[in-house]
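Each chain sits in its own coordinate frame; assemble them with the hints.
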Amino acid sequence: MSAAVQLVGLDFGTTTMSAVVAEGRLARNAVTGRTDLDSLEECYRSEMLFTPIVDDKIDEAAVARQLDRWLELGGVRAERIFGGGALLTGLTAQRDNAALLVTLIRARLGNALIATADDPCLESWLAFMGSCAELSRTLPDRCVLNLDIGGGTTNLALGQAGEVLRTGCYFVGARHVQLKPGSYHIVRLSRYARALFDHLGIRKDVAATLTDGEVAGIITYYFDLLTAALGGDRRILAEPTARLHEQVAFRTLTPSSSPRGRGEKFAITLSGGVGELVYAHLDGKPWPATTAFGDLGIDLARRFVTSPFVDDLRRYRPASAGRATVYGLLRHSTEISGSTLYLPNPEMLPLADMPIVGTITLMSSDADVSEWIALAGRCERGACLRVNVGSHDAAAVRALGMRIAAALATRSFPSARALVLLVSENVGKVLGQYVTRWGALAVKLMVIDEVPPRNAQYARIGVPRQQVVPVSYYGLNE
Amino acid sequence: MIALTPLEQIPVPAPKPERTYSIQCFERTITFAGLKRLLGAADYSKAGDRNAGLAVDGETEREAARAILSDLTLEHLYDHPLADDQGNVDTVMRVNYAIDPSAFGAIATMTLGELKDHLLRSPGAEVARLGRGLTGVMAAAVAKLCDVHELIYIARKILRPSKARTQLGLPGTLSSRLQPNHPADDLRGIALLCYWGLSMGAGDALMGLNPAIDTVENVSACLQHLDKLRRSSGAPTQICVLSHVKTQLACLERGVPVEILFQSLAGTDRTNVSEFDISVDLLDRAYRSMAEKGPLRDIAKQFMYFETGQGSEFTYGKHNGIDMTTTEALCYGLARRYDPFMVNNVTGFIGPETHLDSFEMVLANLQDHFMGKLLGVPMGMAPCYTLHSHITLEGQQMATELLTAAGANYYMDVGLNTDRMLAYFDTSAHDDQTLREIHHKLPAPEYLDWGFSRGIFARDGNGTVTRGPTWGDPRQFGSSDAEFRDLLAATPALYGFESAGPRPANRVSRAVKMNQGVGREAIRAELRVEDLQKITPMRVIRTEANTKEAHLNSPALGARLSAESKRMLTPETLAVQILISDGLSAEAVHYNMKDLLPVLLDGLAGRRIGVGKPLLAPYGRVKLAEPVAEALDAELIVYLIGERPGGDALASRSLSAYFVYQLKNAEVRRQAVQASGNAAIRFEYTVISNIYSGGLPPAEAGAVIVEKVGDILTHQAAGNRLEAMLKKSGSAATPE
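Just so you know, the protein sequences line up as chains Z and H, in that order.
38 is the number of the first residue of the first sequence in this note's numbering; add one for each residue after it.
2 is the number of the first residue of the second sequence in this note's numbering; add one for each residue after it.
Source of the hints: derived by calculation from the structure; they are not laboratory data.
Quick caveat: nothing in here was measured; it's all calculated off a predicted structure.
Please note that the accuracy of each hint is not assured.
Taking lysine-lysine pairs in the DSSO-like style, the calculated list, with each CA pair at most 27 Å apart, reads [stated by the list, open to error]:
hint: 1; chain 1: H; residue 1: K624; chain 2: H; residue 2: K614
hint: 2; chain 1: H; residue 1: K229; chain 2: H; residue 2: K164
hint: 3; chain 1: H; residue 1: K729; chain 2: Z; residue 2: K481
hint: 4; chain 1: H; residue 1: K117; chain 2: H; residue 2: K302
hint: 5; chain 1: H; residue 1: K728; chain 2: Z; residue 2: K481
In isolation and in its complexed conformation, chain H is listed as follows (with noise of 0.2 Å):
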């Protein structure tokens, strides 16, 4: 067990007052107003800087900011702590400073320019040791200024091996983390998904399952199946369910067995604290606790396992001004303090808010990859989108490709890229598999030779490992045909097991990209209001967002509505009103709404339930329902919007009713915020998804919502306090 510093203990320099930066550039001369500005316009533009204002347009102001930092000493940068927005040192930015101070001593009177010249000139035992001197913002300044052949040239010399069971990160090796994820945590989902995985050389890292429900009962099974399926397939690796950090921790405590303990990080307190529901003390003790009872405790070098990514700070709105190199890299020095078994990024999940496009992913994962190998962490990669960002299967394949060239530890295993929880797209074990024979890597080596054992993998003449013949065969683990038959009627997106050399069948990557296809245009659609007029009269309003695009990439704007929009409505003495919008899929609202509508309306008016004539507005977010309820003085919104589709060209119809239930009544308000602890609690949630013709048919979801209506009409709540009251009083909660 390693000694963790106590926060007090470690020296951080006071805040100091913001200084400007300016630079003479021809004839113009370019000035950055503080440190934040500085580092925000010396990175490459992407969508998230952009919207936070960081980002500069021209070419020429980057590479103005890239001059002024690359003169800038380490010095200057540990002097100049990044405050908070109140102007202090979180714990975050301290624990970051906790550095090796003979390290740092080395090169404090370095420029940044220089130290990017020494790490290329310096062979990697020194580059690792210098790293530990430095903090995340210095390790993000270095990032801006190298190029992609520097990102990858400079992390490829960094080793920063792990051990737990199999030992992760050594020369010539590429592991993989086996993602079985399932929507509704089904074990025997579960089980065909981590058989599939394993017959492919997966999950040599970790078979790590994201939990569709976490309790910690939930999370107790789902450990408890995995223990069972390892032990069954005697796959030399360990398990992990990647619950919040209080979850596992409750789960130790019942003694199940909690192998690798995850927890999700942010590069600033305030996301922390008021997101992820973690702070440095929660983690320090998680640690330890894993170091006294965790039951790889006598053979694991490290046992905790962290996940990052760009931006998820700047999408809650607390970044505190910094922009999302510098925050992710603020994660890895977070990440450092806890010798971690793993650390993985996933840049890409968010969408196009953060990053926009393949070119920004890519590059965002290169810097994060180089930032978290030098800062002293074990990196694996999970370069990944979703279908309504301009991200492509193709962009995250270059990305593995330049990745894996840099030495990245690991790769995700997700079935066909699909993740059937996440509903985003991330690597597979094909993936995994055709780079470690474009690369020569291998597995794990206590893994390897598990594989040799079961035929996964052999070697030929030469001596060279290849597939087995058994390598892409689930069935091998199975007990029988009518197991099997049972295991793939539970799992999802499931396209076939055939595959050509290490590549899925191209059959199966047909049917993978047209479900994608479909999924992208289900996205960009445009309502079509005249249609849609058609089905019943309708009142069209408009938000912010005026084009598809400024939607997509600003989640804001269609949460709120336009300035006309806002004359318009004014207060009517109605309990209901209707909004529908087209939201993650226009597709969704055209294909249900026939059905759905004509039966909400009659239901409504069977229950003499009074309703505006419905309103329709293109390019709204869920929040756009609040605005909506206050200008017409409603007491509930009944949202019909188009979900974000996943990798099923089906469920890119599928549509979502949110139950948007102003809390008008001042002991209702009461209620609410003792209830939910929320002081400034003004709406309640409820919400039924998967309305769509392979789930929940429309003409069905049409009478489940008057149901529904009706019950938070008479109990004036909605969410968890309305399914509460249905509880006590023994009805049946509807299926959300």
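Just chain Z, same shape as in the assembly (with noise of 0.2 Å):
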């Protein structure tokens, strides 16, 4: 048996804003015994679009009208969405109003996927995902990082195995020089840029014409700080100004941190509008004309074929480059729980921004498992904790959850108020019983479980289908 569902990928960038729609089946799988995803095929793309900035805000009416064009083309239905995304990433999502586009987001979809700003590390773990995960399954011993560079910002990710291990996220991009087209005629300048332009001696502003030697050295300047975190070489990074565009620090692998201790290089993979054009020359077509989007994208893409990248950029090719983001958000957003959860209260679902508060282990002491209780029973609504039993042991499992009804029964947990354990193992059902004394302990609890441990501030959960319900993380934190 199986059920049809919708999913959902919004990307708005600095420089472009686009959707994808899909559809797919909720369908157990024979192999792994866990229901997944089957058949899922794309039904709307969108046209990239510029995303509608005016007065250094977004343009709200715009995108709003954008939005609605969009859901009424893909037939997206709210009751319909299993899960997906929308995300502002880069400079939008440092503009001042970007919050206001979240709200917008969620008035007209709910809290049936998640709308976010601001979240560097999901970025780049989604335009990993995204791009180049299935090429990183391809090469399973070795490293994949991925730069995603797009307007505002260059999302780094490494991954192994089509797992993301590491991730970082550094101000640079096309769009913090915007030009006229066709020319280095100085449009409108980010802040980051003016800091760079100091910092180089470019002693320009907007309505002035960059020379060629300053197009080079804010291109080099860019490429360096680039090359710089690849390598973790902090004595560059460290700089003023290297620190300004650094949003979160990417802390590469030593050969002694590599999962396999081997220590190789990395291939390099390319997304975002700067990678798309990469490819694109290197697949025989001509650059656009100079500065044909009104940025120094195009720049920026020259030089990574003049690189010593270039070996790696012609041998490895990842998927929809140049709408990474997007393809992340639709496909690899949302984890599908098992499908015997603690589930008492399926009514409580959706449940948004949940905090994750922390971790309970088997090496966690009373007094910690106590304090996380109480902590996740001071949040408003309720709070997730993580839960690592290691194993489907069921002494294992009990004594955790005994351990766990103890402090819910000694810090008397709210009533009215979530306890979502998330938990990796196949325990939902089993631990959930435990932590109630088999239903005695009167406690909101669910325990979503076969999900995974992600390192993220926040987490959704969506309303069960097929006896699965979808899991989000966002706010991540590395």
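Here it is as structure tokens:
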């Protein structure tokens, strides 16, 4: 038996915004025994549009009109959405009214998907998953490092065998310096560009024209900054202008911290608008005309194809480079739980913006368990706790469940608040039963099992379909 | 379209009182009471006939029966139709009498012995012609007189070709039915198994799926998927989803491509009507619908597909006292009415209660092929086995070598012999190609041309057809590596695509055989009662099966309590009792109980549900729960029992939890009767299966079981009635 569901990805970047809608079926995989998404087919893909910015603010009315059009063309209905997400990225996320745009999306789609802004590690993760997760799985012995270079930020993600290991984010992008198309005549400068101009000694502002040498200086700085980040060269990155450009430091892998301990050279891939330009050129397409998009994207792309990275760029091709984030949102932002959950109050779902306040393991002391429970109880609508049992052993589950039950009883967890335990093993129902003393404890508990323990600040738990629930993480810590 | 003779226009002599048949054998007079007994005694001894009390012990008695049979004329068999248990000629027997009168007239006065000699002496066309003048009983009687050489020699003279998009059964050909079964009808897994089979030159007879879910929606989706795969690959073949005939007719009405119509047949009306839910009337309607509306009606000469196999009538207890070979021949007599495109035989599928070992299976297959060909149907073969029998892969391979010599039209292609849905072992595309090469056979001509065009087949310098450069590479049909990985991820029991010649590479074969070995050991293992008692004290009870062999070979014994245990168990005022048994895998009990049982007992105690001291019953079958529930006067038995292992070693540790709810309350029983339509219903069943570390982990299963117990006791219902109630109340159903 299977059920049809809808997935939606909405990406509002510094330069462009786009939407993708897909439909699939939730079906049981006979190999893993898990329910997963089958027959996923894209049913709508929008054109790439420039993100409407007026006076350094997002043009809310224009975005709202476009959003409504996409939802109509994609046949999106909130009650059918199982997962996906809407993400404001790059400089768009830093606009003053970014939060209003999030509200605007939520007003249309409710809590059916995550809608968030300024979540750089999530962006990096999504760009990796959306562009080169598949490639990475074909190179299980090699780390893949993806640079998602957009208009405002470059999101770095290092992964192996399809799993992201490290992320980082830098304010390096095509659109910090906006130009009149066909020229280097400056139209607008971001605050990061102004700082960079000061650092490079470029004494120019809006309405001036950059010389070839100045353009080369800017591009070289960006390239060197990213190269330093990839190599973990903190000497360069410690310099004040570089520090300003560093939103989340990328901690590269050393040979000893590599999962396989070999520390081979990474396979470099690109995504985002700049990545798309690079791969188009490598496929033999001519470069667009000078500053055709009114920014430095083409110049950045040119720099990469003359760099030592070009061998990798020719050899390793990610999928959907230009739409990596939106595809990541669509296909990878939602985890599917196991099918035997402890869910006595399914009417409480969906739960959005649930803070994840800690992790309980078999090694946690009773005092720690008690503190986590107390902290969860203090959150206004309740909270999530990660639980790491580490096995399916009945005695271990029983012992841990009884300890959590004792903490709940002594801490008098507020009965109106939800406590969500997120556990990676298939022990949802049994853990829930021991935690509630087989239903005797009055607590609004749900145990969602078989979801990966992601290092995130928030989770969204959707409504059950086919005995599973969708779980999305955001506010990724690394 | 052939004209179907109305049943009332088929002349059949009235049944006569049973007579005895005697023969003097040295100093002994050996007597058989009736024709059914005589036919049973004349056959090779097989488990099903032994269990039915029809086989004889010694060679002397068997040969005595054969001697008597040899001297009976065909007219005698014609005049003595085998009656059902009510003394009537059933419709299956009646259809068998729709014979060619001129062919029968020419041989009516021959004895069966003379007929056998005549068949051995005659050219193939004459044998084929005479076969149209025989009933199933006559063909079965001749088969019982034949040795292995004779079963092969006569059968190989008979051509029974058929034609849809491809032509099957032409001289020098050996075809195959691609059988891409998947435990959940996952279209990705089905696609991968089709790609793999096609890449090895399999599927020229059919791409035919046995569905896991027999609904119009699912069968339609599977048919449309197979149609897409057939079109995209360009393979000249035909498709079929082997659901119930009624489901397929509903699909046909919707315009879904039902190219070939399938139905399982049995050799007695009682089995067909009450177990298979079919009748001759229904089959007649189905045939006419296909002739009028079937998508291949303009190009196919035949479009019906039947599956049969020795022993189904016996296992349902509806064999009318007739032996397995004869009831099987009656199936072919019924199939012949519809001039089928394919008939295949799956003798060996049921288990040791019908065919104990390779010898019994091989002989039965040779008999079946002989009888089918003689009676006029295009026989394909599927010599197969389950792990709880003593039939082995090697026995199966011997059967295929002999059956290929006998001229079987086709075999199955089940990837690496392992059926991922039905948990049994059939022939594979590797086997089909190996047999083609050993016996100088080719696929159907239309398919061979396609195989050349794809590089699956090629010709060497001598013009001999060989495997081509793309043989065995399933990736040639996919669109990308990513798609291929997706298909792989959805397909169980894949051990590698590497081949060595036409065979799987040794590494692959070793993995397949190791998994089977572990499965067989799990079945043969004895319950470790003392170890289990350490988890929690249990009461050990006994069934009527005293040994493992008796338990495996006679399912009925394990469903009954021993006299001593019956005395021991007395009514208790407890709602729930826990019963544990090895079933078909003691290892499943050993591996799961340590984590499952403590959770289950904790949960029942936590919910304040009264439960007795658990019962442990070595050699138990599922139905054992009923006498236990009655003896203890329990409302509900939670029965934890080992599942029948398939081809996956880990899954041979898989346990099922049966919830057997006794309908003690009169009002509840009334509701159950109403819901089920079964006036005699006394129990309702719910089952949660796949409990093992690779499926539902045992600790989690313990909690799931407690929840289900609560549901059953609260709603006073189990099975479909409970699920309907839960659906109505909006509760999430537990996966089963």
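Cross-check of the supplied hints:
no.: 1; hint: K624/H with K614/H; verdict: holds (20 Å)
no.: 2; hint: K229/H with K164/H; verdict: holds (22 Å)
no.: 3; hint: K729/H with K481/Z; verdict: holds (24 Å)
no.: 4; hint: K117/H with K302/H; verdict: violated (31 Å)
no.: 5; hint: K728/H with K481/Z; verdict: holds (23 Å)
In the structure shown, a violation is registered for the earlier hint numbered 4 alone.
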